[in-house]
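Throw the hints in and build the complete structure from the sequences for me.
With our numbering as the guide, the letters of the sequence shown map in order to residues 4 to 82.
Hints are computed from structural coordinates only; laboratory data are not their basis.
Some hints could be false.
Derived DSS-like pairs: lysine-lysine, alpha-carbon spacing no greater than 30 Å straight-line [stated by the list, open to error]:
hint, residue 1, residue 2
1, Lys13, Lys27
2, Lys27, Lys64
3, Lys38, Lys64
Since we're looking at a predicted model, the values are computed, not measured.
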Amino acid sequence: MARVCQITGKRPQVGNNVSHSNNKTRRRFLPNLQKKRFYLPEEDKWITLKVSTSAIRTINKNGITSVLKKARENGNVLV
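Here is the structure:
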């Protein structure tokens, strides 16, 4: 499965490892993704999402239903 957050759409970024002698080699910065189950009281069911930790904080703050609604409008949610 792809390393993409299902709520925010965050995906790996690319950059450089820079050594002490200033040599640069390519590397990837991976998002901090977690598999998390959320309960939807309106539908009375559990869903499992692969979300970044910042998305978990957003869900805690705003609620799962409003965050899912906004993510569906942006085209990020596959559920």
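Worksheet item: CA of Lys13 to CA of Lys27, is that 30 Å or under?
Response: It holds: about 25 Å lies between the C-alpha atoms, which stays within 30 Å.
Discussion item. Next pair to validate is Lys38 with Lys64; report whether the Cα-Cα distance is within 30 Å.
Written reply: 19 Å, holds
Discussion item. So if I understand the rule, the pair passes when the alpha-carbon distance is 30 Å or less; does Lys27 with Lys64 pass?
Written reply: 39 Å, violated
The earlier numbered hint that this structure contradicts is number 2, and it is the only one.
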